[in-house]
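Chains as they are written, first to last, in the working numbering: chain A, 4 to 446; chain B, 7 to 283; chain C, 18 to 174.
Bear in mind the hints are in silico, worked out from the structure with no lab data behind them.
Do not take every clue at face value.
Unchecked claim - Okay, the calculated bits of chain C under chain A, using three or more residues with CB under 8 Å as the criterion: (1) 23-29; (2) 51-62; (3) 66-80; (4) 127-134.
Said to hold, decoys possible - In silico contact screen, one side only, chain A against chain C (beta carbon under 10 Å); selected entries: (5) 328; (6) 332; (7) 365.
What the hints assert, rightly or not - Counterexamples of contact, computed for chain C against chain B with all Cβ distances above 12 Å: (8) 83; (9) 88; (10) 110; (11) 111; (12) 165.
We put the beta carbon where it would ideally sit given N, CA and C, even for glycine.
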Amino acid sequence: MKQLRIVGQSVKRRDGMGHVTGQTQYVDDITYPHMLWLRMVRSPIARGKVRTLDTSCAEAYPGVAAVVTWRDVPNNWYTILGLIGVGPNDEPVLAHEQVMWKGEPIAAVVAETEEIARAAAALVRVDIDELPPVRDVFEALAPGAPIIKEWGTNTFMYEGMPMRRVRFGNVDEAFAAADHIVEGTYQTTPYEHVPLETQTCVVKPEPDGRLTIHSNTQALYFTLDNTAIILNVPSNRLRMIGGTVGGGFGGKVDVVAEPVTAIASMKTGRPVKWRWTRAEEFQASSTAGAWRMEYKDGIKKDGHIIARKVRALHDAGAYHRHSPYGVTKHAANLQGPYYIPNVWVDAYCVYTNRQPASALRGFGVTPASFAVEVQMDKIARTIGMDPWEIRFVNAYRNGQMKAIQKQVEDATLVETLQAAAKLIGHPLPEKLLAMHSNDWKGA
Amino acid sequence: MATEAMFIPESPEAALDLLSEHGRELLILGGGTAAMVLINEGAISPRLVMSLQRAGLNEVRAVDGHLEIGATASLARVAQLSALPLLADAARHIGGWAIRNMATLAGNLFVPPPAGDAAVALLALDAEVIAARKSGTRKLPLTKFFKGRAQTALGPDELVTRIDVPRPSGAAVFLKLGRRRMNTPAVVTAAVRVVRDGQGICVDARIALGAAGEYPLRATQAEAVLQGRKLDTPSITDAAAMAMQAAHPSSDALASEWYRRKMVGVCVRRALEAITR
Amino acid sequence: MQTVSFKLNGKPVAAVVGPVESLRDALREKLHVYSVKAGCGQGGCGSCTVLVSGDPIVSCLMPARVAEGLEIITLEGIGTPAQLHPLQQAFYDNFAAQCGFCTAGMITVAKALLDRNAHPTREEIVEALAGNLCRCTGYLPIISAVQDAATRMNRGG
């Protein structure tokens, strides 16, 4: 076998030395002469119609260079999923006629110091006619609920339907044939990434008309594409410098800092820094959304799960961000790594007047895994089977068909369970040790 | 309104002069661990600020068996006071090492619940507050110090300069329930001290609670329930139940009112059980 | 605005600061010491930790004016690329930094610990670092790094 230089070796991090000597440069460490600081004015209420927006007092405050509002945004849409054809655009970069969540960005004050920007931000006057907010997925789906989305429902529409569907086999027949029915309801709460480094962006205008944009985004190309569209400039006018992210975890994939900072820089002709506060990270940056998952499984007495019906509700908050995609991923993973020949999933991406949800560590799939595995233990207890055995019995085998119409290849759950049991010194009965991923005899 | 000046007086007299001149316009900083958070966020913008870090108020003296602790003695210092293990234990449970190096004992009297763990221990130890103004000083028991949420009995020209703690008698336990093992705000805090006679009968008791009301409080009826009784399951159960009744905690992001009330009962019971061991 | 003068990593420095400007902001914006991080402004994350007279303090909560005449140590004063402190080497070797944002604060506090206690138990390390948050590593490699550094230092390494 060829000698391997790197694989199998312990290789130190390329940025390790910079980290331990304090030399790694983060966006907040970048400073330019005559740099201005940006402070965002955010909606104080969850839902309403904006009547007036008066920035004159803030603009007149000593030390303020400019105030940026929706009028300054060439294309006032954040189009993250629009880039891959998922629409319609629903989130303005800066609020215009309505506010949809407490914390929604309305106006950006740009000033000589952070303190001045903050003081002047308090002088921006927004008059909002309050509307009753939709506070959770249940309120959103209740009959007679206020509809908060312009297409007429509080859910994302997947090919004309209000939910992402998975249909495989016939669950009703399978439930009738099952020996046991096991139901479970699982719920997760919104969760904030809390990166140690808050979202920060520095933009510097260049003499040739381009903008240099320092960003701690996890997704430099998303940021480049979205910012170019929002600014209505060709992407070669933007010079993106990224790289070091002080903690991302999915919390720095939405393009929520760069466009406004860039516009502020263009408007003032000066470098601008926007460093989110810790309070903004908690209350305004995207979070993992709440999930509510209702499971009904049909099980044979030999332990095989023959039917699964799931209704899943994801609280996307006020806008898409990445949620329609996350719900699709979720729906595709609701059977877990197990073979279930009859599956029915209705997964809803539900809009509420709350802080928008987005990606966080295994977006959409980790809540599903939580529900799937707790449900497996419940099944094991209900039918009186060992929790290891229930998983061996149902683990995918090569050649089986998944509910998403993809054939299983490279299955390894059986072998992984066997290795894990050995590692922790848990003795498995012979019949489980004899199993392997190629032992499925076919339909 | 931007802050105009930061005074750093170098003696208690200089501090009192400034306080007498400026009164309530002057924000007093101990270690800054409470006020600087609000200043950094723009939640408060005091016109004038006075740091007590150099005012010579951080001495600790043992006098005739009681301890005189300077107002600006750090919680790190207090955490080392072997003469007052209950107070030292409470101080150790506050924040992380850096916070304890900065935060002051007197400062802990002014932070609103759920903070104030050292104040809770001081209550159980019958501490007294020395409040000074330009014209003189007065002493008041800590039980008379708290008037409401973040409101005290101090006048606008008065400064806490010292906290006096008598030599403690009996056995005492400090318990803090938080969301993490260390560096956590309190769900509930309990500082319990019981004095028993040779037969194990309780002759005096202090049950002080934090995050159980608008300010650190003593559950005096729970204390009375222990008088004249041995510490056993019935008396402990009664005291815990009375303490739960006396509590009127608030709900916040950390814990709900009903959970805090339940945990008051649990913490008081556990503290009394620990004393019996 | 007033001038505050203090010793920074052994050298006298001065900065013009506002009345309640934090030591963190003075170090970063006026003195260009960037290892000190702006993580929260609330004293809760520890990424701004520096040593003042040898004691860890969270510089976001200390008014810069109060640093007058004191000795401040930051990560830059603990070790340099040319001469790493054993803690820096141990953090590097033990993969104790991922995004690196908490690292300066962690090493600074760990140094203060080892200055006082050359043989800390694991629990003592955990207690010393309880005021420093990390969102990436899960803390275990950080604890290992501090133990590793202590071992090396006790061996004379």
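Verification of the supplied hints:
For the stretch 23-29 of chain C, the stated coverage by chain A is not satisfied: 0 residues place a CB nearer than 8 Å to a CB of that chain, which falls below the threshold of 3. For the stretch 51-62 of chain C, the proposed coverage by chain A is satisfied: 10 residues have a C-beta within less than 8 Å of a C-beta in that chain, meeting the threshold of three. Closer than 8 Å: that is the beta-carbon criterion, and the stretch 66-80 of chain C has 0 residues meeting it against chain A, so the requirement of 3 is violated. Check on the stretch 127-134 of chain C: 0 of its residues sit with their Cβ under 8 Å from a Cβ of chain A, so the three-residue criterion for coverage is violated.
Given the 10 Å rule on beta carbons, the hint for residue 328 of chain A is violated: about 24 Å separates it from the nearest Cβ of chain C. Look at residue 332 of chain A: its Cβ only gets to about 23 Å from chain C, farther than 10 Å, so that hint breaks. Hint status for residue 365 of chain A: violated, given a least beta-carbon distance of 16 Å to chain C, over 10 Å. In this structure residue 83 of chain C is not separated from chain B by more than 12 Å, as the shortest Cβ-Cβ distance comes to only about 5 Å.
Listed as outside the interface, residue 88 of chain C is consistent with that label: its C-beta sits roughly 14 Å from the nearest C-beta of chain B, beyond the 12 Å cut-off. No beta-carbon of chain B comes within 12 Å of the beta-carbon of residue 110 of chain C; the shortest separation is about 25 Å. With a least CB separation of 21 Å from chain B, residue 111 of chain C remains clear of the 12 Å interface cut-off, as annotated. The claim that residue 165 of chain C is not at the interface with chain B holds, since no C-beta of that chain comes within 12 Å of its own (minimum 21 Å).
Checked against the numbered hints given earlier, the structure breaks hints 1, 3, 4, 5, 6, 7 and 8 and satisfies all the rest.
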